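**Student:** Below, each chain spelled out in residue letters.
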Amino acid sequence: MKPQQTSERPPTKEVFGFQVPTDAYYLHQGHAWAALEETGCVRVGLDDFSQKIIGPADGLKLPGIGKTYYQDHVCFSLFKEGRKASFEAPVDGVIEAVNPKVRKQPKLVHDDPYGEGWLYRVKPTNLQRNLDNLFSGEANVIYINEETHRLLNLMESKVGVILPDGGTVVDNLLGHYPDIGWRPLIKEFFLKHLTTKVLEEGSIKDLWQDIYNTGNLQYCFNCSTCVSGCPASHGNPPLLVRNLARKVILGLEEELIEDNTPWACVSCSRCEEMCPMNVMPFELILSIRQWQCRNDETLIPSAIVEIYKRGYTQAVGVNKELRESLGLPQMNTITNNPEQLELFQEMLMKTTIVSENDYMFKG
Amino acid sequence: MQLCFFPGCNTPAIRPDVERAIRASLPVLGIELVDADNYACCPAFGSFPSADEEAWMATSGWNLSIAEQKGCDFVVQCGSCYSSLRMGREHLVHDAEKLAHINELLEPSGRQVTGKSKVRHVSEVLFREIGPEKIASHLKKTLKGLHGIVQYPCHTLFPSEVVGFENSPRAPEGLRRLVEALGAEVEGYSRELQCCGGAGGFMKSTPEQAVEFAKNKFDAILDETKADFIAVSCITCLMHMERIQNMCNEQLGEERYKIPVFDYNQLLALCLGFEPKQVSAICNVPRDAVISRLADVTANA
Numbered sequence: 030m031k032p033q034q035t036s037e038r039p040p041t042k043e044v045f046g047f048q049v050p051t052d053a054y055y056l057h058q059g060h061a062w063a064a065l066e067e068t069g070c071v072r073v074g075l076d077d078f079s080q081k082i083i084g085p086a087d088g089l090k091l092p093g094i095g096k097t098y099y100q101d102h103v104c105f106s107l108f109k110e111g112r113k114a115s116f117e118a119p120v121d122g123v124i125e126a127v128n129p130k131v132r133k134q135p136k137l138v139h140d141d142p143y144g145e146g147w148l149y150r151v152k153p154t155n156l157q158r159n160l161d162n163l164f165s166g167e168a169n170v171i172y173i174n175e176e177t178h179r180l181l182n183l184m185e186s187k188v189g190v191i192l193p194d195g196g197t198v199v200d201n202l203l204g205h206y207p208d209i210g211w212r213p214l215i216k217e218f219f220l221k222h223l224t225t226k227v228l229e230e231g232s233i234k235d236l237w238q239d240i241y242n243t244g245n246l247q248y249c250f251n252c253s254t255c256v257s258g259c260p261a262s263h264g265n266p267p268l269l270v271r272n273l274a275r276k277v278i279l280g281l282e283e284e285l286i287e288d289n290t291p292w293a294c295v296s297c298s299r300c301e302e303m304c305p306m307n308v309m310p311f312e313l314i315l316s317i318r319q320w321q322c323r324n325d326e327t328l329i330p331s332a333i334v335e336i337y338k339r340g341y342t343q344a345v346g347v348n349k350e351l352r353e354s355l356g357l358p359q360m361n362t363i364t365n366n367p368e369q370l371e372l373f374q375e376m377l378m379k380t381t382i383v384s385e386n387d388y389m390f391k392g
Numbered sequence: 006m007q008l009c010f011f012p013g014c015n016t017p018a019i020r021p022d023v024e025r026a027i028r029a030s031l032p033v034l035g036i037e038l039v040d041a042d043n044y045a046c047c048p049a050f051g052s053f054p055s056a057d058e059e060a061w062m063a064t065s066g067w068n069l070s071i072a073e074q075k076g077c078d079f080v081v082q083c084g085s086c087y088s089s090l091r092m093g094r095e096h097l098v099h100d101a102e103k104l105a106h107i108n109e110l111l112e113p114s115g116r117q118v119t120g121k122s123k124v125r126h127v128s129e130v131l132f133r134e135i136g137p138e139k140i141a142s143h144l145k146k147t148l149k150g151l152h153g154i155v156q157y158p159c160h161t162l163f164p165s166e167v168v169g170f171e172n173s174p175r176a177p178e179g180l181r182r183l184v185e186a187l188g189a190e191v192e193g194y195s196r197e198l199q200c201c202g203g204a205g206g207f208m209k210s211t212p213e214q215a216v217e218f219a220k221n222k223f224d225a226i227l228d229e230t231k232a233d234f235i236a237v238s239c240i241t242c243l244m245h246m247e248r249i250q251n252m253c254n255e256q257l258g259e260e261r262y263k264i265p266v267f268d269y270n271q272l273l274a275l276c277l278g279f280e281p282k283q284v285s286a287i288c289n290v291p292r293d294a295v296i297s298r299l300a301d302v303t304a305n306a
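Protein chains in written order, with the numbering used here: chain A, 30 to 392; chain B, 6 to 306.
It should be emphasised that the hints constitute simulated quantities derived from the structure, not laboratory data. Note that the coordinates shown come from a computational prediction; the quantities given were computed from them, not determined experimentally. Take these hints with a grain of salt, some might be off.
Stated by the list, open to error - Have a look at the derived ranges for each label pair, beta carbon to beta carbon:
(1) A:Lys90 <-> B:Glu229: 38 to 46 angstroms
(2) B:Glu192 <-> A:Glu110: 53 to 61 angstroms
(3) B:Glu229 <-> A:Asp387: 48 to 56 angstroms
What the hints assert, rightly or not - Far from chain B, some chain A residues (derived; all Cβ distances over 10 angstroms):
(4) Val190
(5) Val198
(6) Asp239
Even for Gly, the Cβ is constructed at its ideal location relative to N, Cα and C.
Please model the complete structure; the sequences and the hints are all you need to start from.
**Tutor:** Written out as C-alpha cells, the structure is:
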C-alpha cells in the first residue's frame, strides 16, 4: 500500500450505511484508523462506524505531544453532552502533532472521519508488529460487517429495534436510542482490550508491579486465612481475596479487570490482621480497585464526584432545623463555605485522577 | 484535655443525636471539644482510596492539617473515618516524598500536614484516657438490671498495627468494660466478633447474602443471650444493625428481631442525665424498653 497524503481520502465501501476504507487505511478493533504517511509517520483518526454511533462530538481530549502511547491502550477521548468515550491507540509511538482543526471544530471527526477529521500524527516505534494486529483492505469490510451484526443484535435485545433488509443504521445512533446505554456501548465496541485481548501463551506479565508493588505479595501461599471471617466471602459471587492475589501474581489481567468482587469488600480489615505472610490483603484490594479505575474510568466511584462537589458523600451541614431541635450548633462545613470548597476543589484538580477525568467533575 | 472533633458524614447528616451525645458527654468527663471547621470526607474507603492514592492522601492531608492547626488530636466516632484517617496518616508519616508532595498540594490553601496530630477513636478516649471508674463516678442514671451485648467496630480492631488500642484485637474488652461501667451486665456470645457487614459494597452488591450473614449473628444473640440492647461504637454498625433487623422481620413476616441498638455515647449521655429527646432521638428499632428502665443512681445507692 502506498503512503497517503493528509488531504487524500481513501476509497470506501458502504456497509449498512457505514463508510469503510478499503485501501491504505488500517482499522484497529477499537475503531481507530491508522494511515501511513510518506514521512514515516502514522496519521490516526476514528472510523465512520464509531462516529455514526456516537454522533457529532462537542469536545475532544487529544494525546499530549511528545508523549508515548501504546497499541490497545486508552489514548484519546471524545465528549458529547457531558459524556466521554475513550478510544485506544492503534499503534505504538510518540505523538508528533495533533490536528488543530478538530480541536476548534470537534464535529469534523464525525463529518469527515477519513479526511479533515484526523486526530493526531504519531512517530511509530513498533510499526511492523502493530500492523499485524490491524485490519486492512477487504478485511476492514468484513470486520465492520461483523461489528454491525453485533450492534444490530444489541439494538434488538435492548431497544427492540430491527433493521429492515438492506437498511442502513441511523446516524447518531445513541442520540436516537439512548436506552442502549452510553457506557455499555462504549465498552462493547471501543474499549475492547478490556474484554477480548488474550494474553499470549507463556507470557506472564509482571502485573503485580502495576497493581501492588510490595514484595510480600509473592509470599502468599493461598492459605485462605483471608477468606475465613471475610463478610463478603458470603456474597454471590464470593469475594475470595486469595484468588485475587493469585490473579495479580499470575498476571491474569483480563480476568482481573472484569472481576467486580473487590468492590464487595466491607473494609473490615480482618484479612489484614490475620494474614500470616503480611501480604496486607486489604491494601491489595484497594490497589486492585485503583488499578481497575486507571484502566476503565467507568469504574471510578461516583462518590469521588460528590466529595469534589460538596466535600462529603452525605448532605452534611444542611439539616439545620433538626440540629437546632437537638440543641446542636450549626456546622462550619465546606459545603457552606464556598471559599474553602474552592480551595479544596483546586487541590483535588491537581491530582492525577481528577485532572485526567475532569469532565466528570464539571457542571 | 482538648480534642478536635471529626464528625464524619453519616453522624451529623443522618444521626445527629449521636453527635449531640458526644458533645454532651465528653465535656462532663473533662474533654474539651474543638470543632474541625471546614473538614472534608475522611475520605470513605469506597471513594478516593478505591480510585487513586494521591487524591486519598490529599484529602487525608486536608483533614489532618485541621487538627494540627488546632494543636490537638482528632477524636472520631465513625469506624470508617477513624480507620481511613489513621491509614492516611500512616502512609504520610512513613513516606517523606509522599508527605512533601501532599504539602505542595495543600500549600495554596494555607495548610500543612506533618503527622503531629494523632487520630483517636472516641471509645479509646473513653476507655484509656478517662477510664470506666471515672465514668462510673459521674453517673446520674444506671443501666442496672439490663443485659447488653457489645459490637466492636472492626475498624478499631484491625489491622491492630495501624488502628488498634486493645491489648489483643482477638479478645477486645474496651467496649464491654465501658458498658459495664454504666451498670449493665454484658454477655458474650459465639458471634460477638462477627462484622456487622454494613460497610463497603457487600450489602449493595449481594443484599440477599448480606442479610443472611447478619441474620446468623442476630440469631446467635437471641438464642444465646438475654440482651435488652446492643451497644455499638460506630455509626455504620448503628445504622446497619437496625436496618438488618427490620429486613429480617420483613422476610420472616414476624417481629422476631427487635433489639434496640445504641451508640455507646448515647447510653453514656443518658446515664449522665441528658435528655433522651436530644441524645437518643432517632432510631429505627424502638428503644423505649431500655430508656424507661434507666434508674436513678441515688435510688439504688
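**Student:** The structure should be examined with respect to each hint, and the outcome stated for every one.
**Tutor:** Okay, the hints, checked on the actual structure:
1. A:Lys90 <-> B:Glu229: 38 to 46 angstroms: violated (59 angstroms)
2. B:Glu192 <-> A:Glu110: 53 to 61 angstroms: For Glu110 of chain A against Glu192 of chain B, whose Cβ atoms are near 59 angstroms apart, the range 53 to 61 angstroms holds.
3. B:Glu229 <-> A:Asp387: 48 to 56 angstroms: holds (54 angstroms)
4. Val190: holds (31 angstroms)
5. Val198: At roughly 35 angstroms from the nearest Cβ of chain B, Val198 of chain A sits farther out than 10 angstroms, so the non-interface label holds.
6. Asp239: Asp239 of chain A clear of chain B: closest Cβ-Cβ about 13 angstroms, beyond 10 angstroms.
Consistency with the previously given hints fails for number 1 only.
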